[in-house]
Structure formats: C-alpha cells, structure tokens
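**Student:** Here's the letter readout for the chains.
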Amino acid sequence: MVALAIVRTHNLVAVVMLSGIYSLVSAALFVILDAVDVAFTEAAVGAGISTILMLGTLALVGTEEHVVVKHRVVPVLVVLVTGAVLVYGTVDMPPFGAPHNPVHEHVAPRYLAETPERIGIPNVVTAVLASYRGYDTMGEVTVVFTAGVGVLLLLGRRRRRRDDPK
Amino acid sequence: MKHHAIIRIAAKFLIPPILLFALYVQFHGDFGPGGGFQAGVLFAVGFILYALMSGLSDAQHALPMSAVRICLASGVLIYAGVGVVCMVLGGRFLEYDVLAKDGHSGQHLGILLVELGVGITVFGVMVAVFYAFAGRSREADR
Amino acid sequence: MNFLGLFNYWLFIVLMMIGFYVVISSTNLVRKIIGLNIFQTSVFILYISMGKIDHGTAPILMDGDVVYSNPLPHVLILTAIVVGVATTSLGLALVVRIKEAYGTVDETEIHIQDPEF
Chain A
1228 MVALAIVRTH NLVAVVMLSG IYSLVSAALF VILDAVDVAF TEAAVGAGIS TILMLGTLAL
1288 VGTEEHVVVK HRVVPVLVVL VTGAVLVYGT VDMPPFGAPH NPVHEHVAPR YLAETPERIG
1348 IPNVVTAVLA SYRGYDTMGE VTVVFTAGVG VLLLLGRRRR RRDDPK
Chain B
2 MKHHAIIRIA AKFLIPPILL FALYVQFHGD FGPGGGFQAG VLFAVGFILY ALMSGLSDAQ
62 HALPMSAVRI CLASGVLIYA GVGVVCMVLG GRFLEYDVLA KDGHSGQHLG ILLVELGVGI
122 TVFGVMVAVF YAFAGRSREA DR
Chain C
718 MNFLGLFNYW LFIVLMMIGF YVVISSTNLV RKIIGLNIFQ TSVFILYISM GKIDHGTAPI
778 LMDGDVVYSN PLPHVLILTA IVVGVATTSL GLALVVRIKE AYGTVDETEI HIQDPEF
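In order, the protein sequences belong to chains A, B and C. Under our numbering, the first residue of the first sequence is numbered 1228, with each subsequent residue one higher. Under our numbering, the first residue of the second sequence is numbered 2, with each subsequent residue one higher. Under our numbering, the first residue of the third sequence is numbered 718, with each subsequent residue one higher.
So here's chain A without its partners, still in its complex pose (with noise of 0.2 Å):
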C-alpha cells in the first residue's frame, strides 16, 4: 500500500512523489469502478497539478523533516478505536455492487432515463453535472475561484510591496 509508504518516509520529496503515486493508483480503482469522468480528473489533479504546487510548497519551506520521537501509542490508540467503530457501523451497510441499494433507488434512475429525451447528450454525467444539478456546480466554481482569490491574497501580495519602493 502506498499509503503505509507515506507514514513511514521522512524525507518530504519522497512523501510528494508516493503521494502523487497515490492518486494515479485511485485513479485505476475509479476505473474498474466504472467513473471514468472522475479517474480523469483525478489523474490530472492528483498526478500533475497536486505534485507541482507540493514540490512549489517545498522549495518555500524545506525539504527536511525535522524528526521528533514522540510517543505515538496515543495516536494509534485513537486511530484503532476509530477504526473499529466504524467497522462495527459497515455491518449494516448494504453490499457492494447489488444494483437494488437505496443509492440507486432514489433520483438517478431518473436521470438516467430521462436524459435522452430531456438533455439529449448521451453523457449522463455531464448532464446532471451542468443542468440538473446546475446550481451545485456553480456553488463548487466559486468554491474553487474564491481559494484561488485566497491564495492569490496570501502569496500574491508582498511582492507588490517590495516592488513600490524602485
């Protein structure tokens, strides 16, 4: 698991590089799991962009990690119990893969029926992307404008200043 990887290197380029390795492994599980608009973006994001503004982020602040040995038996106390609760909460989740689980009983049939006529685009994830659900989606772009607007408010700034006195 490339995951147990990450817990266990020090060196933070390392972590960046497993990490974008990551991504790519999630994106051949969305694959198999048929989402391949979602594999997609996730290849893109998690692989290329991701990686990029880690590697931009370690050059800022250092690759080293300074190594402290602490005791970790409270963290993996807490991580266990967690764990465990939340496997105990699965057993009365419904299987995976049966097509009659209460997800696809509710709203995505219809879509899936009534998309053809209504939208006439044969992908239905698109359609429920940009017309059924068009009001989420532009809640989700003014998401990712406004961080855009933060971090242009965080990084952008000072060089303006250092530039005022020339």
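None of these hints come from the bench; they were simulated from the model. A hint or two may mislead.
What the hints assert, rightly or not - Part of the chain C face toward chain A, derived, beta carbon under 8 Å:
1) Y726
2) I751
3) N754
4) I798
5) V799
6) V813
All C-beta atoms, glycine included, are put in the ideal place defined by N, C-alpha and C.
Once you have looked at the hints, place chains B and C on chain A.
**Tutor:** Leaving out everything else, chains B and C in the frame of chain A:
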C-alpha cells in the same frame, strides 16, 4: 531547466498535444468523458509545463498575471450570466431549454457555455496558484 | 450475512485511518496536508464504490439494454476533487506564510516560539 536539451525538446513536442487534448475534452464533454473541470486542469498543466521549461518570466510574458485574474473572474461570470440570460428569456435560473428553439439544442448550448465557464475559472485558478508559488520561490532565491 | 460484500467499506476505513493517523501524529504541517489528502481520497473511494452496480458500465448512454453505474456520486466527486485541490493549495499557501512568520513548519517548534498560540 534551460540546459537540459532532452527535457526541453520533449516538452516542446508534448505541449501542443496537451493543449489540443484539453480543448477536445472541453468541447467533447457531452459525448465522452470530460468537461470543464478536467479541461481546465489539463490546459493549466500544459501551460505550467511551458512555464517550467522556459522560465516563469517567459510564461508571464505569454500570459500576464492580469489576464489570469480576468480568466479567474470571467468563468464564474459566464456561468452566472448563462443563468441570468435564461431568466431574461423567460425561463428559470439555469433552465437552458429557452436558449434555443427546441429544448435539446437549448440544453446543449447551455451545457456547453456553462462548461466553458467552469473550464476558464479552473484554468485561471490553477495558473494563478502556480504563479503565486513560483513567484515566491524565485523571490526566495534572490 | 455476506461479509465479502463489505470489503469496499473496509478498504475505505483503512485508508481513512491512515490519513487520520498522519494528520494527528505528525508535527510537520506539509505532511499533515498530505494526510488530509489521503483522508479525502478515501471518502472519494467510498462514494464511487457506492455508485458501482454489478456488471454495470460507465454512464455514457449507448444503444441497447445496458446497466449503467449510478452517475450521481460521480458528479459529486468530480467537483469535490477540483475543489479539494483548490483548498489544498490554499492550505499550502498558509503553510508558506507560517514558514515566513516563524521560520519553521514544525508544530512543536512553533509552540516553543509562541506559547500562547
């Protein structure tokens, strides 16, 4: 990266197909996998590759920060604008049926425009964030 | 009770707990953000695996009688990934500013410099 000839030439060959593929993904999103989010990211990746290869100043010469900021805002504006146009034409907010004579081509047009808005914003945000980080590290080198 | 049918949830729990462990046990802020990313991807996997239907195919309409997987989780996660990278970059920007203010990205060292924080 100015002195790595192999990387530079390989990147030169790769950038046009990446940008073309991004446009294909953008406008073919109705029929195959793809859409504004992926296309914006891919276009930004192509551009960031150019910036990594030929230096930040060249990239900012090709696409200045002010243009990126305009991209950032105009995408959201296109998205919301499509909704407002729908309202003006007598539909509800983001109800694309009224954009053309029949419902199908109206929906098609609406989705295309909205995806375009999404793509522009995502591209703008990705490039802006990259500029911000890369600009910082160049400053740190000085 | 078919326990094999629940393995996708367990995979998700294992990944989520690895991410959780990274977040709460490491003191380096960049590593914390990577842990949050793992956590996030585990939730994506949960959603996508819920949308899968046996013998289904990708939800791109074709002629004939075909079973499609549920497109709704795909839509939600598609946007969540892009929003996720945008918020991650915001977090990284904050880390950069913290580095400039304190000269370190290690939590304990920040505590030593600024006990009230």
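**Student:** With reference to the structure, classify each hint as holding or not holding.
**Tutor:** So, going through the hints one by one against the coordinates:
| no. | hint | in the structure |
| --- | --- | --- |
| 1 | Y726 | holds (4 Å) |
| 2 | I751 | holds (5 Å) |
| 3 | N754 | holds (6 Å) |
| 4 | I798 | holds (5 Å) |
| 5 | V799 | holds (6 Å) |
| 6 | V813 | holds (5 Å) |
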